[in-house]
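Student: Each chain, written out:
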Amino acid sequence: MTPGEIDKIFRDEAGRALATLIRLVGDFDLAEDALQDAFAVALERWACEVPDNPRAWFVNVAKHKAIDRIRRQAVFRGKQQALVHELELNALGPDEPTATLDDDMLRLIFTCCHPAFAPEVQVALTLRTVCGLSTMQVARAFLVGEEAMAQRLVRAKQKIRLAGIPYEVPEREMLAPRLDGVLAVIYLVFTEGYVATEGADLMRPDLASEAIRLGRLLNRLMPDRAGIKGLLALMLLHDARRAGRQTPAGDIVLLEEQDRSLWHRAQIDEGLRLVEHALRVPGRPQPYAVQAAIAALHARAPSFEETDWPQIAGLYEVLLRINPSPVIELNHAAALSMVDGPARALDLVDAIAARGGLRGYELLPAVRADLLRRLGRTEEAREAYRAATVATQLEPLRRLYARRMREMG
Amino acid sequence: MQYLLMIYQNEVEYAKIDAATSQKILAEYQSFTQDIIQNGNFKAGDRLQPTTTATTVRVRDGKTLTTDGPFAETREQLGGYYLIEAKDLNAAIEIAARIPSARIGSIEVRPIWVYEK
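Protein chains in written order, with full-length UniProt numbering: chain V, 1 to 409; chain C, 1 to 117.
These aren't lab readings, by the way, just hints derived from the structure by calculation.
A few of these clues could be false.
[Stated by the list, open to error] In silico SDA-like cross-links for lysine to any residue, where the CA-CA straight-line distance does not exceed 20 Å: (1) V:LYS8 - V:GLU32; (2) C:LYS87 - V:ALA56; (3) C:LYS87 - V:GLU32; (4) C:LYS87 - V:ARG23; (5) V:LYS8 - V:ALA56.
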């Protein structure tokens, strides 16, 4: 086997192997270091013979590496001795029940997304440990330096140890709110991949893919959760339009201009099936499932004009009832402009702006600009496009607004 | 693990509370304290006099300097604490959330530094 092939297996198995190792050795850093040791051994030994169960192999070899590391430490005392003893007793057999390993993965996810961490720390920890991205890659995702990101991760892992953040899946009444937190982290990763906050590129497909991978994993580990299915559907449906959303030169192609034959049909079908499951799960409607239902109506529409705008506006009203936010209000206004016309939508947008709930939300002037343009109020539209240009840090959006201003003459 | 739960709330606002409400909160504190004593979580706990009674001390170049008032002027002030024993941070957060002042002010949860012997 070539080093490249070994690296691929390692990348596929590292997250799960790490999840189990952390439970066994009780320490994030030790588990990570030991797993890297095991990877080095794999590069030497697997050239001739590959084990049947690579994950169990990684866990067992890494466990012994962890024992070596503990023994090498200058202070090797009672507590560590007991740990080594315990580790030596509990070899991970190839017959380890899958349920235990799945639980380890959930433990890892819930620990990384613990509410005792700031949201950006939750995202960073999840990308680093669950997704197995390198510190460099995580740093790039946040557009910060590698050194700063390494510091942030070190502090987070220190907090897990020193503050006693437990390595467990929350129980009973705590599960639902904590799961919402996990979904929020996954959605944060996805939205940054879908429309970047700043920079030269509209999309960062690697982040969107990681988020979808996380969504799939969670959906497999915790089936029949409407929120998870809804979020996964939402991400699949949005991401399915990727190829149609920009020109080869990296300019934005708006939904009304997109060549729908470029959309990823198989992914849309998967998303549509998931939306239906999500909406059938008993209980009150989940915000992600409703958002996915909206994305499904877009995905199903043969053209922009033939989109079921009244139903989309209606679904935004449902969202406003179960999960009100100024962003939803803004989306609702945009959808309503396709039903009742731009004038009524503009009233709504101006009302949102007057309340100031969306201060700093860059898309408000953009939505206003679009409505004013459609109303033929060119001068005001121009002013709003200028405000939108100032509000964004994303180059393709700035080019889009410039194009709109040119088109108005 | 041991955690210090520091109770922060706005003293000025709290002083405006009427006697009946104040009695009610005090009773809630008593029942909460009883509860964590019975569950074996309680190590220590006290209410503090307001920051108007505080004196801040610094020693510089061997000289003791005292200033009138708390170390820092903040919107919410340290008004009391519990030292608790809890299985992990989740358990500590759960206990902190039951402190009556959590509904008005904020509880800062800090693990106690343990020196390896």
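Student: Please go over all the hints and tell whether each is borne out by the structure.
Tutor: Against the structure, the hints:
{"no.": "1", "hint": "V:LYS8 - V:GLU32", "verdict": "17 Å, holds"}
{"no.": "2", "hint": "C:LYS87 - V:ALA56", "verdict": "30 Å, violated"}
{"no.": "3", "hint": "C:LYS87 - V:GLU32", "verdict": "25 Å, violated"}
{"no.": "4", "hint": "C:LYS87 - V:ARG23", "verdict": "16 Å, holds"}
{"no.": "5", "hint": "V:LYS8 - V:ALA56", "verdict": "16 Å, holds"}
Violated hints for the displayed structure, listed by number in ascending order: 2, 3.
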